[in-house]
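J.: Okay, here's what each chain looks like letter by letter:
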Amino acid sequence: MSTTHATDNPRSAELRAALIDIAPALVAAVPIGLLFGAVAVAKGIAPTEATLMSALVFAGGAQFAAIELWQHPPPPLALLVSTALINARLVLMGISLAPKLGAFGALQRLLGCAALADENWALAERRASRQKLTPAYVIGMGAMLWANWVAWSAIGAMLGPVLGDPKRFGADFAFIAIFIGLIVALSKGVRSAAVVAASALAATLVHSLVGSPWHVLSGAFAGIVAATLLYRKDAT
Amino acid sequence: MSLDPATLLAILSMALATYLTRVAGFVLVGRLRLAGRAKAAFDAIPPAILTAVIAPSVLTGGPAEAIAGVVTILAAFRLPLLGTVLVGVAAIVVLRAILGG
Numbered sequence: 499m500s501t502t503h504a505t506d507n508p509r510s511a512e513l514r515a516a517l518i519d520i521a522p523a524l525v526a527a528v529p530i531g532l533l534f535g536a537v538a539v540a541k542g543i544a545p546t547e548a549t550l551m552s553a554l555v556f557a558g559g560a561q562f563a564a565i566e567l568w569q570h571p572p573p574p575l576a577l578l579v580s581t582a583l584i585n586a587r588l589v590l591m592g593i594s595l596a597p598k599l600g601a602f603g604a605l606q607r608l609l610g611c612a613a614l615a616d617e618n619w620a621l622a623e624r625r626a627s628r629q630k631l632t633p634a635y636v637i638g639m640g641a642m643l644w645a646n647w648v649a650w651s652a653i654g655a656m657l658g659p660v661l662g663d664p665k666r667f668g669a670d671f672a673f674i675a676i677f678i679g680l681i682v683a684l685s686k687g688v689r690s691a692a693v694v695a696a697s698a699l700a701a702t703l704v705h706s707l708v709g710s711p712w713h714v715l716s717g718a719f720a721g722i723v724a725a726t727l728l729y730r731k732d733a734t
Numbered sequence: 033m034s035l036d037p038a039t040l041l042a043i044l045s046m047a048l049a050t051y052l053t054r055v056a057g058f059v060l061v062g063r064l065r066l067a068g069r070a071k072a073a074f075d076a077i078p079p080a081i082l083t084a085v086i087a088p089s090v091l092t093g094g095p096a097e098a099i100a101g102v103v104t105i106l107a108a109f110r111l112p113l114l115g116t117v118l119v120g121v122a123a124i125v126v127l128r129a130i131l132g133g
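Quick mapping for you: the protein sequence lines, in order, are chains A and B.
Per our numbering, the first sequence starts with residue 499, numbered consecutively.
Per our numbering, the second sequence starts with residue 33, numbered consecutively.
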């Protein structure tokens with residue numbers, strides 16, 4: 499009677515598919531998580547606090563930006579605004595993914611979007627183009643990515659003081675490189691280049707004249723203005 | 033175990049902001065139709081923000097940071113994210129050793 503083979507159990511098959519799909523992203527997150535923990539501790543944040551941030555926020559780009567903006571005491575409103583703006587893309591991802599969670603219950607939807615991130619969103623979209631999405635696949639994948647990120651952030655925060663000044667290994671530049679990679683990935687064509695240039699100029703100017711964290715909003719605003727001015731109906 | 037109240041407040045603010053962006057899309061579906069100029073403005077937000085965060089460090093950080101920034105941008109057009117990061121870190125370590133800083 500109890501032929502509970504893994505292959506006979508749809509849920510464990512879905513979880514295994516999720517693990518196979520997300521595995522490369524889990525590996526790629528190891529150095530980034532270690533780095534996050536290390537730079538957070540170097541900025542004067544306790545390992546417990548850095549780990550808590552990874553667990554509750556779970557958004558690499560926003561977390562690195564927060565470390566860059568971090569002061570003592572930290573400015574909660576500036577961090578809230580910068581986090582919301584950096585994660586604005588999650589709104590669009592949610593809009594795109596929501597209709598593909600057809601059979602999900604309300605709680606399953608909430609859990610499914612709770613750990614939404616670039617990698618698992620892209621993988622869920624890819625799977626949705628071929629077959630129906632299951633809660634086990636979406637929620638399981640989110641949980642794997644989340645646990646991996648929290649664990650490596652914690653290890654990085656604990657090893658940080660042992661490793662010494664991250665600047666010695668150029669680790670302080672790693673997140674700048676991550677951002678450059680994400681900016682290039684998000685950009686298409688001349689209009690994107692204009693958005694990036696407008697933002698870079700405005701942010702650098704305001705950073706020199708006014709100071710942190712106002713350069714973030716100024717740069718964002720300049721980029722949005724550039725995109726609005728350069729918009730043409732014929733082009734997408 | 034140390035939890036500074038100001039730090040906790042900052043972390044909770046960030047968690048709230050992130051969760052709102054995660055849920056918003058699922059709530060807004062069917063009610064938000066971005067098109068044309070509004071969509072172009074919305075699409076510009078993520079790259080504009082990411083750029084604004086790092087631009088001062090790259091442009092005013094010194095010659096090593098500026099040159100490494102250019103090298104990293106070139107790498108980003110050809111390599112996946114992890115490769116881009118490795119090139120950027122290698123560039124900054126070498127440039128700081130040569131130029132000092």
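No lab work stands behind these hints, which were simulated from the structure alone.
The beta carbon of each residue, even a glycine, is placed where N, CA and C say it ideally should be.
Any given hint could be a false lead.
Claimed, not checked - Stretch by stretch, here's where chain B covers chain A in the computed footprint (C-beta under 8 Å, at least three residues):
hint: 1; region: 595-606
hint: 2; region: 618-627
hint: 3; region: 648-659
hint: 4; region: 674-680
J.: Any of the earlier hints contradicted here, and which numbers?
T.: 2 and 3
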